[in-house]
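Residue numbers (the numbering used here), protein chains in the order written: chain A, 1 to 307; chain B, 1 to 307.
Hint data in this document are derived by calculation from the structure and do not stem from the laboratory. Among these hints, one or two may not hold up.
Identical chains share a label here; the pair holds if one copy fits it or two copies do between them.
To be verified - Below, simulated SDA-like cross-link-like pairs (lysine to any residue); rule was C-alpha separation at most 20 Å, straight line:
(1) K92 with N182
(2) K219 with H305
(3) K219 with L306
(4) K151 with V126
There are 2 protein chains.
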Amino acid sequence: MAITVVGSVAFDTVETPAGRRERCLAGAATYFSLAASYFTDVRVIAVVGEDFGAEQQAVFDAHKIDTRGIERAPGKSFFWQGSYLENINEAKTLQTDLNVFAGFEPKIPDAYRDSQFLFLANIDPVLQRRVREATPNAKLVAGDTMNYWIKDHKPALLEVLKGLDILLINDTEARMLAGKENLVQAARAVMDMGPRMLVVKHGEYGATLFHKSIPKGHKSESFRAPAMPLEQVVDPTGAGDSFAGGFFGYLASQKELTPGVFRRAMFYGSVMGSFACERFGTERLQELTREAIDERFHFFRELTHLD
Amino acid sequence: MAITVVGSVAFDTVETPAGRRERCLAGAATYFSLAASYFTDVRVIAVVGEDFGAEQQAVFDAHKIDTRGIERAPGKSFFWQGSYLENINEAKTLQTDLNVFAGFEPKIPDAYRDSQFLFLANIDPVLQRRVREATPNAKLVAGDTMNYWIKDHKPALLEVLKGLDILLINDTEARMLAGKENLVQAARAVMDMGPRMLVVKHGEYGATLFHKSIPKGHKSESFRAPAMPLEQVVDPTGAGDSFAGGFFGYLASQKELTPGVFRRAMFYGSVMGSFACERFGTERLQELTREAIDERFHFFRELTHLD
Chain A
1 MAITVVGSVA
11 FDTVETPAGR
21 RERCLAGAAT
31 YFSLAASYFT
41 DVRVIAVVGE
51 DFGAEQQAVF
61 DAHKIDTRGI
71 ERAPGKSFFW
81 QGSYLENINE
91 AKTLQTDLNV
101 FAGFEPKIPD
111 AYRDSQFLFL
121 ANIDPVLQRR
131 VREATPNAKL
141 VAGDTMNYWI
151 KDHKPALLEV
161 LKGLDILLIN
171 DTEARMLAGK
181 ENLVQAARAV
191 MDMGPRMLVV
201 KHGEYGATLF
211 HKSIPKGHKS
221 ESFRAPAMPL
231 EQVVDPTGAG
241 DSFAGGFFGY
251 LASQKELTPG
261 VFRRAMFYGS
271 VMGSFACERF
281 GTERLQELTR
291 EAIDERFHFF
301 RELTHLD
Chain B
1 MAITVVGSVA
11 FDTVETPAGR
21 RERCLAGAAT
31 YFSLAASYFT
41 DVRVIAVVGE
51 DFGAEQQAVF
61 DAHKIDTRGI
71 ERAPGKSFFW
81 QGSYLENINE
91 AKTLQTDLNV
101 FAGFEPKIPD
111 AYRDSQFLFL
121 ANIDPVLQRR
131 VREATPNAKL
141 VAGDTMNYWI
151 KDHKPALLEV
161 LKGLDILLIN
171 DTEARMLAGK
181 ENLVQAARAV
191 MDMGPRMLVV
201 KHGEYGATLF
211 HKSIPKGHKS
221 ESFRAPAMPL
231 EQVVDPTGAG
241 DSFAGGFFGY
251 LASQKELTPG
261 VFRRAMFYGS
271 VMGSFACERF
281 GTERLQELTR
291 EAIDERFHFF
301 RELTHLD
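Kindly generate the complete structure, drawing on both the sequences and the hints.
Quick look at the structure:
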């Protein structure tokens, strides 16, 4: 089944202990789309500027990603510059230029209307809500957000949460959103805001899926997926979006959404997040194969399974 | 097979968001022994003062822990006071009184000499080394340490590491000991110092077992065990020692130390660490049953396994 994703398509300049890259193709919707494209059809809603050229378009085309919903606007694309020199786990933002993103009015192409899977990547919750409301037929809706929206735009975000089946955030965001330090308590509080499932990403320690109700035949309301023990994190930018792409892409590729399918989706999320960190920007995600992905999936199984 | 453990038997006063307890029976060797006692015979080497009475002795006796190696000295037992009010994951030390521990000279009773499993709990590496050298027949030797010894007694600690099969430490200690931020690189550097296996404990995110050489039939040099998603951490003191007790206790109870046995040992370590946090001091560890332990083991399997 096809996924529609709304979010940023951008250029990033990043520096990490492994080096520096100027103006890589980036943005949450880009990472998400590339990761999900290995599992299912993906349709993007975004806005780019005149600096988005044939080279960038070719990346989407090579992965058969539908870009009819990417609007071209006069001006420059969203630009972010960050540094991981001090802390490889947390970016220090050096510059953020919204550019054409400042006036973004998401438009959903008619050709996208039959998408049953909708992903609201990290953007202004007002826009997330608008896209959610314009796709009432979506069967499964997931979304992401960040500290900025939690801190300064909470009322708008709470409206979005009511329309989500699954929220994907990190530990700090979950604690901040819930106002609770204990993660299990925080997860329950967040699910009381709307989503019936919550994925909390723990960076190098993996991720936990929480269910509002314990799935049938299970004893636990949660499931833990590992992260890859990486000897070198070249660039962690987009790891969370790539996790979301692997997770949601795998879900959308399955006929039935059983508890077991959600578990495997968590593994595929971690797999795609780990690949994203191995090279700068979306470089690694651009060149994967489904075989390499499944090989890592099996490695993850060995990493965590007793037998 | 019996385990000999050397370490502290002490009294702790702790305050956490869940409350306060005065002078609980505590100490690394106490937590370790109680946790390991559910799996195998345990023999303790320690020193206590005149405040260690019939009540404390009864706790060891109830778990058939051999205390002939616990020396009674004039004075008071080791005392520690800490607070978790600011951070449930990291104790703030308010008071440390070495008391009789200041002059501790570990003596190994003859009855302990056939122990093939030796655990060197977190004490002065000079003492750890002395006990290690006095037990040349030990088949498997594991140990723990802490930031204080890494920072200020590194040469002595490095001598201990040469005699260890397995070191158990937390992330911060692994990074500090290796002088490397990346955990995989840090693990390799630590194993180059001696131990052929390293267990890195990640607190609420579980723990990773690293092997110096990839075990036969496997692809990964590491294995990840989860931690219990706890809705309330009453008192995290001793969680690491209890992990070590469950891990090493299970190993000592097995006929063959296969890679699969080490994986299950990691799960039992996490299980015992999670129980330790559920009540103050060693309260929860004192009242467990093997059935409750195995039930949680199966819960951990469900928490992490795809099928």
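At 20 Å max between alpha carbons, let me know whether K219 reaches H305 within a copy, between copies, both or neither. both (18 Å within a copy, 13 Å between copies)
Up to 20 Å between alpha-carbons, please classify K92 paired with N182: within, between, both or neither. Answer is between: at 19 Å across copies they meet the 20 Å cutoff, but 26 Å inside does not.
Evaluate K219 and L306 at a C-alpha cut-off of 20 Å and name the case that applies: within, between, both or neither. Both. Shortest intra-copy (18 Å) and inter-copy (14 Å) distances satisfy the 20 Å Cα cut-off.
Could you place K151 and V126 in one of the four classes (within, between, both, neither) given a Cα distance threshold of 20 Å? within (15 Å within a copy, 51 Å between copies)
When held up to the earlier numbered hints, the structure conflicts with none and fits them all.
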